[in-house]
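Engineer: Each chain, written out:
Protein chains: 2
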Amino acid sequence: MEKIRIALIGYGNVGQAFARMLLRRKDYIMEKFGLEPMITGISTGRRGGIIRSEGIDTTGLTDEMFNKELKALDVIDFGEYDIMVELTPINIMTGQPATDHIKHALELGKHVITANKGPIAWHYRELRDLALNKGLQFRHEATVMDGAPVYNLVQETLMGCKITEVKGILNATTNFVLTEMEKGVSYEEAIEEGRKQGFVEADASMDLDGWDASAKLTALMNVLMDVEITPLDIRRTGIGGVTKGDLDQAAAQGKKIKLLCHGWLDENGQPIGVVEPTLVDQNDLAAIMDATMSYVTVNTDLTGEMTMIEHAFEPEIDHTAYGVLSDLLRILTEITR
Amino acid sequence: MEKIRIALIGYGNVGQAFARMLLRRKDYIMEKFGLEPMITGISTGRRGGIIRSEGIDTTGLTDEMFNKELKALDVIDFGEYDIMVELTPINIMTGQPATDHIKHALELGKHVITANKGPIAWHYRELRDLALNKGLQFRHEATVMDGAPVYNLVQETLMGCKITEVKGILNATTNFVLTEMEKGVSYEEAIEEGRKQGFVEADASMDLDGWDASAKLTALMNVLMDVEITPLDIRRTGIGGVTKGDLDQAAAQGKKIKLLCHGWLDENGQPIGVVEPTLVDQNDLAAIMDATMSYVTVNTDLTGEMTMIEHAFEPEIDHTAYGVLSDLLRILTEITR
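So the protein lines, in turn, are chains E and H.
In this text, residue positions in the first sequence follow the working numbering: the first is 4, and each later residue adds one.
In this text, residue positions in the second sequence follow the working numbering: the first is 4, and each later residue adds one.
Source of the hints: derived by calculation from the structure; they are not laboratory data.
Warning: the hint list may mix true and false statements.
No distinction is drawn between identical chains; accordingly, a pair holds when it is met within one copy or between any pair of copies.
[Unchecked claim] In silico DSSO-like links for lysine-lysine, alpha-carbon gap of 27 angstroms or less:
(1) 247 with 165
(2) 6 with 29
(3) 137 with 35
(4) 258 with 71
(5) 258 with 35
(6) 6 with 165
(7) 6 with 258
(8) 186 with 6
(9) 106 with 199
(10) 29 with 165
(11) 247 with 35
(12) 165 with 35
(13) 258 with 186
Since the structure is predicted, the reported quantities are computational estimates derived from the model, not experimental observations.
Chain E with its partners taken away, still in its complex shape (with noise of 0.2 angstroms):
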């Protein structure tokens, strides 16, 4: 059977999540595409990276198999390999190396999934023509609301609509801070059980200051209303202004506080990102959403507003992983067509 050689350029919790998701679903994508999926490359942050062409066994994965020379450019540049995932850590500021990385391997000729929402606020267009011109697939479903597929719902289900806003809740750290502080604990006592929980982050200020939320608003909207904007264009206010009085005050209107994410056409068809702490009514959808559910409502001017909500899912890890394979199978789907 042929194969299809997968790169792994990051290889942190997601990346293993899928390497184990994609042995999970190794014999349907075997039956659904003829295809057998093989690992070839991987790199990491620490250890190095591996490069075997006849396929790298993940369950069996020791530090000797890694080469520390290998660096991730090393790998995507002379690996054998089909498609390249980009799982690198972020930079929120810059989208680098990660925008280097998914440059060279559509140079190159490769398919490109990336779970690294950097590349989509700064460089979308960019990458995406590049692709094109290429005619290569380059998918990015997990950069936003995880593995929920709100690209593929616009781009596949909702053909012929003309988005005209987005609107949310994008950010699990900060909407869990608030709905801590709403129970009485402190905002740093929240950050520090969010950390036990493990989805905060040792430096939470990307998140608490909105960066993170904005990048996410700032990739819809790139992708999803084909403008060209960047996080520094959005009009952002973090979570720390809000204090336990705010909360009451608004719990004793019936209101709640949440960090919404914003984005629309001005009427000069401008567009228009807004990421700030909003009083939202009790019964409005943004009220129900608990620290670990997130929604996008996307309006457009045939179908009116359509909203998608990802729910609490443990571990949530797996939830990204499956972005990742999910952009795997569409892309498997295009090229055995």
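Mind docking chain H on chain E? Use the hints.
Structural biologist: Here is chain H on its own, set in the frame of chain E:
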């Protein structure tokens, strides 16, 4: 430019809205697919039918253009068209005559779109397999949640996932009546008000008794979970037994009563479907669905729960028409690859 010819079997509100929407997106379709869409057959319930291979101007239809003798099957059997759109009124207890219309068209080698849930609830597998064997497209996005892309969500964007459970609120009439009763309006007055607003039918019993919800749940389960059941297999309870006292008692506990649909596989892999008035918490997604909203949550083995909400949209008829248009666009995508 090559033509793509469409026969509309049934030409009520949805058919007319679809014809308008098709005109609105004619340029888009010609540009995207290189095909000029054209309606070449129309069948109505009372006015008769039209067959006109050079195309029908739907903006200037007069009674004189219809041939009273032409029945639906005449237009299907003798018309010149590529795609048949089935929009006749539903018979929820048999799926007829829509099912026969679809079979005729498929046997004749035509692609089929339907907004009629009857055939999907009663004869889905037979019709699906007939289309598959003939290499034809059979699409039915508008049968549940109007234009909201529930089927496509699963089939196009949750590829590789096994759907293990579906649940949601699928019937607007019962949801509206329960919402009005919460406010103190009587059952009968609520129904009358729904009739005035135009979305409750003269004979509302199929809605109130839960048959419409059961047919939709059946359709979802047949398509998404690949089972073979009919609406008779659903454990069905309508809302006729729900009193103002029940709603007040629920409210006193901080809850609401909603007509929920719920389908899953039992421990032996047998499909179970239940439609019944259900107590839900006020923070539950179901509780914030007002009369004009509906939702479906699907649970999958790889991604956990995912929800799609359809919001209020005026006029709702356009939602259904968009469902039909989106099916058309998918068919054009497939046949022009």
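Engineer: Hint by hint, note whether the structure agrees.
Structural biologist: To see whether the hints hold, each was checked on the structure:
1. 247 with 165: Classified as neither; 40 angstroms inside a copy, 43 angstroms across copies.
2. 6 with 29: So residue 6 and residue 29 pass the 27 angstroms test inside one copy only (11 angstroms; across, 42 angstroms).
3. 137 with 35: Result: close both inside a copy and across copies, 26 angstroms intra and 20 angstroms inter.
4. 258 with 71: Neither: 54 angstroms inside a chain and 59 angstroms across chains, both beyond 27 angstroms.
5. 258 with 35: neither (49 angstroms within a copy, 46 angstroms between copies)
6. 6 with 165: between (38 angstroms within a copy, 25 angstroms between copies)
7. 6 with 258: neither (55 angstroms within a copy, 55 angstroms between copies)
8. 186 with 6: neither (53 angstroms within a copy, 62 angstroms between copies)
9. 106 with 199: neither (37 angstroms within a copy, 59 angstroms between copies)
10. 29 with 165: Between copies only: 15 angstroms across, 37 angstroms inside.
11. 247 with 35: neither (54 angstroms within a copy, 53 angstroms between copies)
12. 165 with 35: between (33 angstroms within a copy, 14 angstroms between copies)
13. 258 with 186: both (14 angstroms within a copy, 21 angstroms between copies)
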